[in-house]
Amino acid sequence: MSRANGTPYAPHTAEETAEMLAEIGVDDEAALFDIPESVAFDGDFGIEPRTEREIRDECARILNRSDDLVEFLGRGHYGHYVPSVVDHLADRAEFLTSYTQYQPEVSQGFLQALFEYQSMLVELTGLDVANCSMYDAATALGEAATLADRVRSTSGDVVLVPEQLREGKRAVLSNYCAGADMTVETYPMTDGTADVDALAERAGDDVVMVYAESPTVRGCIEERLAAIGDVADEADALFTLGSDVVALSVLESPERVGADVVVGEAGSLGLPTAYGMGLGLFACRGDFLRQVPGRLVGASEDANGSRAYTLTLQTREQHIRKERATSNICTNQAWVALRAAIHAATLGPDGLVDLANDCVREAEALAARIGELSGAAAPVHDRHHFREFVVRVDQPAGAVAEDLEAEGFAVHALDDHMIQVCVTDLTAGRTDGLVSAFAEVL
Amino acid sequence: MSRANGTPYAPHTAEETAEMLAEIGVDDEAALFDIPESVAFDGDFGIEPRTEREIRDECARILNRSDDLVEFLGRGHYGHYVPSVVDHLADRAEFLTSYTQYQPEVSQGFLQALFEYQSMLVELTGLDVANCSMYDAATALGEAATLADRVRSTSGDVVLVPEQLREGKRAVLSNYCAGADMTVETYPMTDGTADVDALAERAGDDVVMVYAESPTVRGCIEERLAAIGDVADEADALFTLGSDVVALSVLESPERVGADVVVGEAGSLGLPTAYGMGLGLFACRGDFLRQVPGRLVGASEDANGSRAYTLTLQTREQHIRKERATSNICTNQAWVALRAAIHAATLGPDGLVDLANDCVREAEALAARIGELSGAAAPVHDRHHFREFVVRVDQPAGAVAEDLEAEGFAVHALDDHMIQVCVTDLTAGRTDGLVSAFAEVL
Amino acid sequence: VREPLLSEKGQETVDVREESPLPDDLTREELTLPNPSEPETARHYTRLSQMNWAIDAGPYPLGSCTMKYNPKFTEDVAADPNAAIHPDRSERSAQGVLELQYRLQEALADIGGMDAVTLQPPAGAAGELTGILVAKAYHEHHGNDRSEVVIPASAHGTNFATAATAGYDVVELPSGEDGRVDLEALEAAVGDDTAALMLTNPNTVGLFERDITEIADIVHDAGGLLYYDGANLNALLGRGRPGDMGFDVMHYNVHKTFATPHGGGGPGAGPVGVVDELAPFLPTPRVREAEEGSGYERFEPDDTIGKVHGFAGNWLVLIKAYAYVARLGDEGLADAAAKAVLNANYLAERIDLDVPFGPFHHEFAATAGDRDAADVAKRMLDFGVHPPTTKWPEMVPEAMLTEPTEIEGKSSLDDLAEAFNLAYADTDEALDSAPNRTAAARIDQVGAARNPRLSWQALEEE
Amino acid sequence: VREPLLSEKGQETVDVREESPLPDDLTREELTLPNPSEPETARHYTRLSQMNWAIDAGPYPLGSCTMKYNPKFTEDVAADPNAAIHPDRSERSAQGVLELQYRLQEALADIGGMDAVTLQPPAGAAGELTGILVAKAYHEHHGNDRSEVVIPASAHGTNFATAATAGYDVVELPSGEDGRVDLEALEAAVGDDTAALMLTNPNTVGLFERDITEIADIVHDAGGLLYYDGANLNALLGRGRPGDMGFDVMHYNVHKTFATPHGGGGPGAGPVGVVDELAPFLPTPRVREAEEGSGYERFEPDDTIGKVHGFAGNWLVLIKAYAYVARLGDEGLADAAAKAVLNANYLAERIDLDVPFGPFHHEFAATAGDRDAADVAKRMLDFGVHPPTTKWPEMVPEAMLTEPTEIEGKSSLDDLAEAFNLAYADTDEALDSAPNRTAAARIDQVGAARNPRLSWQALEEE
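Protein sequence lines correspond, in order, to chains A, Z, L and H. Note that the UniProt record's numbering has the first sequence beginning at 1, numbered continuously upward. Note that the UniProt record's numbering has the second sequence beginning at 1, numbered continuously upward. Note that the UniProt record's numbering has the third sequence beginning at 15, numbered continuously upward. Note that the UniProt record's numbering has the fourth sequence beginning at 15, numbered continuously upward.
So that you can see chain A by itself, here it is in the shape it has in the complex (with noise of 0.2 Å):
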């Protein structure tokens, strides 16, 4: 109150600035600025402080001018269920309102944390390092490549990947791969997955990375992920596969196919859809430990030889390295990677797997009740879907998702005829409705 022209986050009362001053020794703030007068500011943003309540309900007021639908979207950004236990420990202040751990031994809480989540992925890639995280998807595909260009003494200069998949993952790995003079060049599919016959004809020697996704931008399981890895082997390739940790859970282990890389998304487990917030998962061969981006925590032990984390390897990193460091990543996702940690212990192994068993269930079971639509075809593709498929509708795919817009329902359309729905378990008691509402708009 007696503070309300100032910012309510700083506790001076007017008798302590005075007293601070004094002991400075200049007679104002002001003072303390070695702002030149040409190019000091002294307009206004014209920016009315309001009190929390006032910002509470205007932001309120706001984001509800978003309408109500029923989401059935996924297309590489996905969200299940988050118990609310999850929000409630990963709030916990010391967590929310700490720094990145460069002092271990008042760290060691979050430390360890990162610490686990780091072993879950490693669990669920077959891989020996996972990193503690990476923005989203879409940058850990950028870093791969960047990888990749570092450790294969080829010539190579060609990333390889499917010429199914999501524009902005492509747009970002092209950001990534100019730097370092790499370019990005796609391979065929067939039925919505690696056409692996052409993948093998184009893979050569110009070519440092492969990457394929399992599942797919539109829900197909890859059928012939070792195939894909013998493939870029031969090619002295890194072979790169993008997944997410709900289906690793349940898919072909990526040791197993001779992945060298994995990335994708781990904001699946922690996080709600978020307007596309996510976490970057990336998990490698250990051959490429000294090579890995981003933050990695390790065991070791304190002056009392007892177990204890720290942050290690981190000659690898921007703050040390400068532009010889692994990636200029500093400030990553550590509190989301909290997040699907916590996600993921509350599931178990068991709940992660039926989690995932029924992305399968519920993609298989709505793709057939929308196929027997008259004006609908689904699955598109004969594959294997795991949370989503796509539709091919008679109708022009624009206008049908409009019209199931109105009627409560948000899908993608992708081109002309075809639109894209996905399922998870947040939307699958909400089936009934998707399915009534396509058959009134066909």
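It is worth saying that the hints were derived from the structure and are not from the lab. What you are looking at is a predicted structure, and each value in this text was computed from that prediction instead of being measured. Any given hint might turn out to be false.
[Stated by the list, open to error] Under the rule of at most 25 Å between Cα atoms (straight-line distance), these lysine to any residue pairs were calculated in the SDA-like manner:
| # | chain 1 | residue 1 | chain 2 | residue 2 |
| --- | --- | --- | --- | --- |
| 1 | L | K23 | A | E19 |
| 2 | L | K23 | H | L436 |
| 3 | L | K23 | Z | V122 |
| 4 | L | K23 | A | E16 |
| 5 | L | K23 | Z | G305 |
| 6 | L | K405 | Z | T315 |
| 7 | L | K23 | A | L21 |
| 8 | L | K23 | A | A18 |
| 9 | L | K405 | L | A388 |
| 10 | L | K23 | H | F397 |
| 11 | L | K23 | Z | D350 |
| 12 | L | K405 | L | D192 |
| 13 | H | K23 | A | L355 |
| 14 | H | K23 | A | N304 |
| 15 | H | K23 | L | L436 |
| 16 | L | K405 | Z | R290 |
| 17 | H | K405 | H | G190 |
| 18 | L | K23 | H | G398 |
| 19 | H | K405 | A | T315 |
| 20 | H | K405 | A | R321 |
| 21 | L | K23 | H | E363 |
| 22 | L | K23 | Z | G126 |
| 23 | L | K23 | Z | G351 |
| 24 | H | K405 | H | V460 |
| 25 | L | K23 | A | A22 |
| 26 | L | K23 | L | Q64 |
| 27 | H | K405 | H | G383 |
| 28 | L | K405 | Z | A303 |
| 29 | H | K23 | L | Q64 |
| 30 | H | K23 | Z | I24 |
[Stated by the list, open to error] Calculated Cβ distances over 10 Å to all of chain L for the following chain Z residues:
| # | residue |
| --- | --- |
| 31 | T183 |
| 32 | T190 |
| 33 | D230 |
| 34 | G371 |
| 35 | G375 |
| 36 | A377 |
| 37 | E407 |
| 38 | G433 |
Just so you know, even glycine gets a beta-carbon here, dropped at the ideal spot from N, CA and C.
Since the structure of chain A is provided, determine the placement of chains Z, L and H on it from the hints.
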């Protein structure tokens, strides 16, 4: 998942259960129950277990069946804006999931918080002793009456209360009085406050306690508290004053007007209206220390000579003194007291006084505006008001309240032609709407 | 690790009259309180919290207190703004709250084997008082003035205090040699003046009163009522119902049985269930289904005792209890009881202390023998666990009343047993000086009572 | 106070194929992970949290990190379910999010003196990369291939790494004797190959680059662009704007300047602002007002660099930044800068260590002289505070880069100074063996790197 049919909050795997049973030496859990067959229960309740998501949806759906009204409601129960930080701090598990502080060495945090809460009430009431909570204003009033019975050696058995008193409060008081063979009688009021002359006339040897409120249930500020106190004194009765923490921050200090006990609502800080959930304020003169009901936290020292806090004077309490205890209260409202203390800390004395001053200004301004409408007169009582006031309407009050409800506003219908309106910081921004609605329906 | 008092961090004095819209004679002159910034407030309470044991920190095996895990999602359910409406809402505009109240009433009635339930009492002790007042009103209604309540010596202190608060004389019933109610002693204690027998079952050392049917007959034959103290209901869930045993009235402790957080001493909630004959005397209002399809309504029971709380009790707590019951369902509730009993029996097996009475259910009273139970408890604090309730009930010398609840697993119980055994076997010196590894060392409780300093103002005066 | 690994508390192995709807050749055989109950999970993470320093525990004066209080209400604002919609929502069904994004873009542009802002970069370093890629695209668009980025030696490591990631050679600019950019050295470093100069201002020892106008002229005259590293923007709020100083492109660190929580290492958000000339190159999509009265729309800038995040960045973090800016308003923002600078100057006055460079603003680099700065820092932990950043920037020997931010009060700064002085004056032995009062004693970081064990699987193999 594997625990789907058991409680999800017990960790036992089947193997562990078996090991434990073996250690005990029985075959199954049923063997541990020593319940005669004749009274054993083998039916079912028909309660289907639901997932936490289902329950959240179900409860949200049910609770949403209440109308969305702007509540100009008070009459002894008030909601002010509770800053977000109150929730975040009080929800910390170390507070929320702790028990009564029987082992003070591991309960210093909560004990100190309660000690600070007591201290805040000592400042607000000017009395020496405040306990660390009763259930609500009504039960605190009941406890004050039994205190009067214990500390006053008169033959009196009458508790005098104002004729305008919340019915629920009187009903609770009567239940507390009944056990001590006390009876509750009323004294008259004039224009919304005590008729002190009539009270003086009534007060005699048979009176053990005089109760007055400021603000009254109708929002009037009692102007002659000291005179009421004198009347009580002369009758050798206890003078108990009812108020609330916000009003106390600006109104005459209870100690100055001769109050022996202060009761009332402290939940007007820290709590939403919460369908009547409250926080009973209880403070009294130091003379009555060993007759105080409820928990008290005191300062002490630990074995190292450091200041430490502990529950104290427990010999007053039921777990020690049994039927001679000063009250049967055990679990009180400790966590709500914590919330009130945090709320008060965020406001500081200036914020608290500002809030209280607004309670006067807003009530006065709103009464004037409604009073200008044809078909209404307000305020009915020629008194200073705090938060609320009474409106006389030409039409039947019940019908007016119902019509206002249809317009989205809730008010109290008192009797045939009286409506009561309460305004706080939460509703001050909605008064235009209320005035328009009044104009519409009158 | 001492945190200064908020007042020691700086107070501010406001001149109240300067800006007051009220005349000076109605206002105080000034107000002095701490004025921390929000970051200072956050740090103060964060640090305080870090000096506090809690169920989320580790085992909390306080016998008769039933400290179990409070599911986090129930907090979210109760935080719904639609739950927090004003209690004076009209019936028609409060249908959501009324429906949820009704559903909880029904579930509790089923679980207790009762016919009618009120949610109004704001804590277990308030529930006791409500129940006894209902019994009293019942007797008075039938022109049957009775003056005594019979209570076993081992009962919770609240039983005695409640009976006294309701204006009854207490007749204390000595425990039988087997730790249970002695039927002969009961026969002797019960008579025309007996308003009620208050009983918890299993009792406070975890023993089921096997003769409950006979007990009920004795009391009922004398014209008395049987009151069930719900403190130990967790051991009975789905295995036995007070109503089926002859109890006429009971309270439920929602934090003990239905996992609502205890909050360091409340808010609790103590719903009361009664058989049909007592339903007209319950507090007002209650909630029932209105005519077909028109929702729910409040009503005043015909011969209501009035009210025991100014409004509707601790409603936000009751919501959490509803959510907990819904989460567990029939099988979960029965499993909770089974695991609570399993855990108590397993833990008793693992500790070196004697347990005089049995077979016990969800809790047991071990004896520290020639050690001081309170000292053993303090020493347990040093081993990173919370000790049990000590020196009560008195029928067991140097009692350590222990209730691990269903939420502990085998390894947690093993740790607890180790702490028990290490402390029990420790030297006198170690016990005397314990605890040493806690935020505060042993606290002088006698001194605190002898020289009461109950506010920062009292400390400043020193 | 050691908490076992979750895996040490018990794991479970699931036979994946048993119930899988997929053919065996598409599935893994089994999955082994910890399977704690919810209470065990709650305790595990509660205990872990208790072993962690945080801004809500006390001062966190890490220079260049700007650890300030995170207002709790911003968490509630960001927790709105309507904020968490799927990023592939149609424009017409996502108006709420688009409007809030637009408002934040506008506020940030005003604060930085920039013309256009993207919210997409998910962290400060990602913002740097975005800014440099935008600069690169700008040069390429104008047929102007440039190969170098000039960076002062004292700059953040991310600047160097970012330039390299974008494919640039780094030209390191030595610091002038006064700790600022040396104009002659800059003249020598800048030329036809210069794509940009990356600068933070005030710089990493808190000094304002007084010659900023000359610096801008030198870079612009050579055809280069001026990049502003927003890490130290907190010292400039309302006092100076990068845009007014000649910067062409900048990033904002929302956790540093706008009080979003750092979360132990993210999620952050690194919006990028640019002058009009660079706006066409910003990532896609951006958000703008649609035609009168029809809300907001996404659009692709004409010459966009594409994307730097798969979707829209760390949206839930950005909401908190919006709420913070709205809470403070113009005067609050200016006051935050003033108090941050006041605090740094006051603290420097109170410590016994020398501060070689000045006048500094929000942070200062003290020197531990002949003591090891890292040891002094470890010893400070024993006095209950968090130490500053150590041994960086290198221009100050044994640097202790200290930034108290505006949230500390005088008494907190006095405590911090005392910890500084006690540690600095302590014995070699005490410094070598510190810390002693923390959850873990001094940790062997060299050993951790020499024998990397990065998972519980690695520990189990030992």
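Where does the structure disagree with the numbered hints, that is, which hint numbers, in rising order? The structure breaks none of the hints.
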